[in-house]
Every structure is written in structure tokens, then in C-alpha cells.
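J.: Residue strings, one per chain:
There are 2 protein chains.
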Amino acid sequence: MKKLLFIYIILIGLFVVYVYHYQTNETASNDWEDHELQGSVEETYVMITFQTGIDYWKRALKGFEDAAEVLNVSVEYRGATQYDINEEIMALEQVIARNPAGIAISTMDPEAMNPTINKAVEAGIPVVMFDANAPDSKAYAFIGTDNFEAGATAAHKMAELLDEKGEVGIITHPYQLNHQERTDGFHATIEKKYPEMTVVEIKDGRGDQLISKEVSEELLSEYPNLKGIFASEANGGVGVGKAVIDQNKAGQLHIISFDTDKGTLDLIKEGVISATMAQGTREMGYWSLQFLFHLQHNVVSDVNGETTLPPYVDTGIKIVTEENVDDYYAIE
Amino acid sequence: MKKLLFIYIILIGLFVVYVYHYQTNETASNDWEDHELQGSVEETYVMITFQTGIDYWKRALKGFEDAAEVLNVSVEYRGATQYDINEEIMALEQVIARNPAGIAISTMDPEAMNPTINKAVEAGIPVVMFDANAPDSKAYAFIGTDNFEAGATAAHKMAELLDEKGEVGIITHPYQLNHQERTDGFHATIEKKYPEMTVVEIKDGRGDQLISKEVSEELLSEYPNLKGIFASEANGGVGVGKAVIDQNKAGQLHIISFDTDKGTLDLIKEGVISATMAQGTREMGYWSLQFLFHLQHNVVSDVNGETTLPPYVDTGIKIVTEENVDDYYAIE
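Protein chains in written order, with my numbering: chain D, 10 to 341; chain P, 10 to 341.
Keep in mind the hints are simulated off the structure, nothing from the lab.
Check the hints yourself; a few may be wrong.
It does not matter which identical chain is meant; a pair holds if it fits inside one copy or across any two.
[Unchecked claim] Under the rule of at most 27 Å between Cα atoms (straight-line distance), these lysine-lysine pairs were calculated in the DSSO-like manner:
1. K147 <-> K201
2. K128 <-> K278
3. K327 <-> K128
4. K71 <-> K258
5. K201 <-> K67
6. K174 <-> K251
7. K202 <-> K251
8. K236 <-> K327
9. K147 <-> K202
10. K236 <-> K128
11. K202 <-> K12
12. K271 <-> K12
In this text the structure is predicted, and so the values were computed from the model without any measurement.
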């Protein structure tokens, strides 16, 4: 009987602990609900790009997945395998049909894609653009690089490498807005801030490695005192690098390129390219998902109850040189 | 004895439920930890401004508090009660001494404040700037209005009000960068996009209501065909409004102003000011705290383990007219 009483007391004790625990847990659950930054795994957010196979998107997708993990939601990656706008539009149409919790899009052709982007927004699906914007669409925000600023950063780095003196050239892709902006930012910064430096010529490399190599060779023979070349995109940078190697001028002039594909990183390791501009692609993915989540859950509502988001986030630029190049080979 | 057995069984049952519940709760707790967007109420984030008493900051502080609620952390509001940089620096010094979880600062004088801002960063405290930046400081990010874009938005609205035709003037504050940018954005947009519109003159209202009224009166008599005036800040806008009322011209020309203080909103209600530009002050506060939290908890780390944040967030502009003016009186 005493033994029974003992067990009895223990069980009652446990019951009290249970009730107490249950209540604490209730409070926790309430906090959890109050705490609006918590979704469910059934909630699926989709990232859509073109040329889905290229390395460039890996870090953006990683950021998108990182945000999904902290917000406890699911993600999918869709898009056009080729550089084909119709394929990208079709991918978006299919995603809209499944009514996801949100869509982050990088478009290769805003004009062509605007109607489908607007269709998604009109269907009540949160949409943000990242990396390549569709400024005339109804998407709620754009998260990407300020290309003028990125060009200015490249100019400051070039000035540092050249002790603020000497002739420099630019290889760019003049019919694409982001390249124009990078070129303008570089050019304007050299002109305004570095009186002993001159931009001698801007050549069209058409975003192609071979053509960029050819025009770089012209540049090198036309301007024997050239001290530096800025390439506004990765193919151009590799082309400039190959021209410099062919003419045995590696190390004699400074090349600054853009993005962090393997070809560019290899040339940095070899000492041919001095620096490259790494875009905040991971941040693009991370804050895209954060913004979509905030729209889906109406976390930040305005005076009239509408969700309001900052329309533009500049994800910035980091300078990659021999010193930190190894960090960029590994896509964690 | 049967009764005792019954109680026994119930208690064992409850014990089983308890153990089960405890395990579920364990899982939840783990999720909670994984789910990194959850702070503790002991974690205090501080907002610092100048002229702490003015209405302007209320919405920024509301956004800061909203973010604190969803992230489960605490906030404080400090700063200079006057328009006094020494008082603001002292407030920041006092906050640094208490080693808070993060600081969001709007500075009235970046040059004077940079050393103290850098001291906070060097002490390992996350710091972001909002509304009024200190671009040469070591703060991690700036969250505020793109003033050039805001001026452009005002220009588009003016063009809409005037059917894209006619003479317009500008009253601004030419020695303050944000006002220069607003003026440039307005001016450039009218020139580029609206060939039948002309900016006839830009006058200095010195951010003062009376001076702005005087220069507006000059503008009105010098240009009898004037169809619109853009004021780049709130005191100027009220000054323009009073000039127009005095000359019995209310309703005959369109005034576009900036910000949403009571004086401006009242003149919109009276039909004297046609529109004003509302800054995303609440978004500034909300994303400032989000960014500080991300820095404090190292939520988004880069290839080298460093926390990376977008360096700039444009919180955008909304147009306030008679239709939605009531929403802006109430600071929720």
C-alpha cells in the first residue's frame, strides 16, 4: 500500500509537470504564431531563370534555399534550359498554373515577359525580380546589382592598382543596359576622381570571348602605353586575358573583369587578371525569398493595409583578387 | 481498489501523453533553433536620430518596433532632442557603452559623426544607417529613399496633372544633398520625357516656410503662365501653398510637395497642394532592424564566413493626394 502511494505521488507529480509543461508549450505556440516569420513546408516558392544549367545561378539558388530554411518553407527551381525567352515564358506559365506561394524571376527579355509577369501578379501571386529586372512589369521589387556603382568600384580598384596614373581601355557589350551602366560608372569615376588617368577607348567585345580577344589585341597595339583594361563581363575578361598572354604582356598591365566563373578565377590564380567584380548573387536569392514571404504573409502592411516592400535592393559588389580567389571556387 | 486502478490507468495514460508531448516539443524546439529568425527579449536594438520629438520619425520607429515584434527582440529610441550634432554624438556614445545588439542611425551630419559610427562598428556592434546616410562610415548598409528617383516620380505626377504641357518652377534647398538629388531627378525627367514642359526656374527656399513663401511670390509674378511648382521639402511646400492662397490662385496651379507632416496634409485636404511624396519611413525602420538582426545572428554568411548584407535598400516613394490623404493622418 505504501509502495502504491509512492507510485501514486510520482504519477501525480508527473501530471503536474505535464500540465505545467503543456501550458508553457501553449505560450510557446502562441509566440510562434505571433512570430510571423514562420511558414510551412507545404508553402512553395519558385525561382525562375534562363540558361538554368550555368554556374552563375548556383549562388542565387543557394541564397533562396538558405532563406527557405530559416523561414521553414519549400523552394523549387524552374526556367529555360536554353537562352530562349519562349521557353522561359512557358516555364513561368506552368508555375502560375500551380499557384505557388511566390515567384522570383530573372528575365532575359523584359519586354517579352512583362505580360506573363503581370498575369502572375494579377492572379494574386507575390512576384519579385532579381538580377535582371523587368522595370515596367507589376513585380513588387527588384533585387540586384547597381551596375553603375559596380563600374565605379572597378574604377577605384583600377586606380589603386595603377597608383592613380595612366591610360586604360574598356571592353564592353554596348547594346545591353547593364553593360552600358558598368561602362558609364567606370568611365565617369576615372574622369571625375583621377585626373592623371585617361580612358583612351571603349571597344565592343559583343560578350564573346574571341571577339573580345581580337579587339583587345587592337587596343594593345594602338595604345602601347596602356596600363589597364576593364572588361564589363566575364567572356570579355577571359578574351582580354588571352590577348595579353599571347602578346607576352601578362603582369605588365592590369585587367579587371566581372563575375566569378571558373575561367575568370583561373586567370586570377595565374596572375593574368588582377581583379574581378563578384556580384551579391547569394544575397539576391536570400532577400528575394524574404520579400516573397513578407508579401505572402502580409508581414509589413502600410497605412491602408497593403503590403509594402522596398522597391529596390542593391546587393552590392565584392572585389575578388589572388588573395581571396579560392573562396569563390567553392559554391557551398 | 477498482477506483484506484482506474485513477492509476488515467495517470499512466497521461504520463504516456506527456512523454509523447515532450518529444514533439523537443522537435519543435530544435526547429526553433534551426529557425534562426528568433531572438530573445534581452536583445536590445537601438534607433538613434536627431530632433527626436518630431512626427517624422514616428513611422520609422513603428517599423523598427514591428520588426522587433516578429523577431522577438527589444528596441529603444534615443538621440538628440534638438537639431544638435554634439547631442546626437553623445547619445550614440552612451548607447555604445551599453553594448546593444545593434544600432540604426539617421545622422544630421555624417562628417562629424563618422568617427563615432566607426567606433561602434569596431566594437563589434552591428550598425546600419537609415534615412540620412553616412556614406564614408563603416556602417554595413543604408536603408532610405533614392532621392533622384523620388524627384522623377514627382515629375511624372506633375506631367499627369498638367496633361504634359506648361511651365513649372522648383523651390528647393540647394546646399543639402538629398534636395539637390530630388531637384535633379525632377528637372532631368521633365527635360527628357516631356518636351512640351519647361522648368523655368529653380529658387532657394532654404528649407524655411517664410522664405519659400517669398520666393514663390516672386516666381508667380515673374512667370504669369506658371502651371506648377515642385517643392523638394515640406516647409517649402507649405510656403508655396500660402503664397498661392494669398494671391487667390489656389486651384489654378498644381503644387507637388514632399513628406507628410500635418501642415502638408491639411493643404492637400483643402485642395491647395495637389500631391505630396510619402517616403517609406516605416520600411526604413522595419528593414533596419531586420538587417541588424541578420548581422547580430550571422544569418547570411558569405564564402568566407562573413555576414553579407545588401549595402543599399531604396524604400521607395508613394504619392499622396486628396484620395488617400486620410490614411496618412493616423500614425498607427
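J.: Which of the numbered hints are not met once you compare them with the structure shown?
T.: The structure conflicts with hints 2, 4, 5, 7, 10, 11, 12, although it agrees with all the remaining ones.
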